[in-house]
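Undergrad: Using the sequences and the hints given, assemble the complete structure.
Chains as they are written, first to last, in our numbering: chain A, 352 to 446; chain B, 102 to 232.
Only true hints are included.
For lysine-lysine, the following DSSO-like pairs were computed, each having C-alpha atoms within a straight-line distance of at most 27 angstroms:
1) B:Lys164 - A:Lys406
2) A:Lys406 - B:Lys195
3) B:Lys215 - B:Lys164
Ranges of calculated distance between the beta carbons of each label pair, as one might list FRET restraints:
4) A:Thr355 - B:Asp135: 42 to 52 angstroms
5) A:Arg417 - B:Gln218: 45 to 55 angstroms
6) B:Gly205 - A:Pro371: 20 to 30 angstroms
Derived from the structure by calculation, the hints contain no laboratory data.
Idealized CB from N, CA, C, for every residue including glycine.
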Amino acid sequence: MSETQEFTIGQMVLVKRLWPTNHHRVPYYLKGKVGQVATCLGPVDNPELTAYFNKSSGQHILYRVRFTHAHLWGGNQIDEIYADLAGKWLCKAEG
Amino acid sequence: MTDDKQAKSHTHVETRGAHDLGGFLNHLLAHGIDARISREEMPKTPYEERADAMLLLLSNAGKGFLNIHAMRRASEQFTHEDYLKLSYYDRWLKAMAALCIETGVFSDHEWQAKKQQVILQNKAAQKRISD
Chain A
352 MSETQEFTIG QMVLVKRLWP TNHHRVPYYL KGKVGQVATC LGPVDNPELT
402 AYFNKSSGQH ILYRVRFTHA HLWGGNQIDE IYADLAGKWL CKAEG
Chain B
102 MTDDKQAKSH THVETRGAHD LGGFLNHLLA HGIDARISRE EMPKTPYEER
152 ADAMLLLLSN AGKGFLNIHA MRRASEQFTH EDYLKLSYYD RWLKAMAALC
202 IETGVFSDHE WQAKKQQVIL QNKAAQKRIS D
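TA: What follows is the structure, encoded as structure tokens:
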């Protein structure tokens with residue numbers, strides 16, 4: 352079973368500030384940061400389960416989210432950083 | 102603010118694994134890790150090619166004993182010291198061994214015994230060369 356797409360392209364999203372000790376694919380430096388959904392990559396196997404050989408896993412929806420360098424690291428660099436993040440790690444950013 | 106000050110002011114820093122140090126340069130420097138990125142092409146050594154072949158044989162392309170997510174998870178369970186001192190392929194080998202023990206491909210006892218056997222063989226071979 353797979354979750355449905357809950358974010359749309361262009362939407363601002365906040366990366367959840369959670370620190371589970373199990374395997375997860377969200378780097379520390381993105382937690383609590385706001386980015387913009389660039390693409391919806393569709394369902395993929397959930398690495399948080401397959402990392403433990405859990406075959407009962409569903410899939411989760413992966414989003415490519417764009418962050419600005421300045422937001423993540425400060426300064427005035429104009430670079431952007433893209434990260435592929437699961438929907439369960441995102442929530443709607445407050446306008 | 103420096104990395105260290107950020108670390109001290111952050112209540113969750115203890116859960117930051119050695120695999121997740123992006124933007125945390127001072128921590129690497131404190132562990133004596135050279136954080137510079139080499140632009141030189143690095144040919145694989147024979148042991149690295151063997152490690153690569155072993156991973157392929159153990160993975161879903163071969164026997165299906167492990168997958169890349171489990172490999173990452175196993176590496177993340179290393180101590181900071183182990184994780185940072187091991188080379189890329191040494192991390193692979195350590196993770197492969199840990200997962201093979203976990204999934205019962207071989208036991209920890211068999212693994213330790215085999216390592217001991219190889220160490221003794223190497224010592225004997227070195228002795229033959231020097232004699």
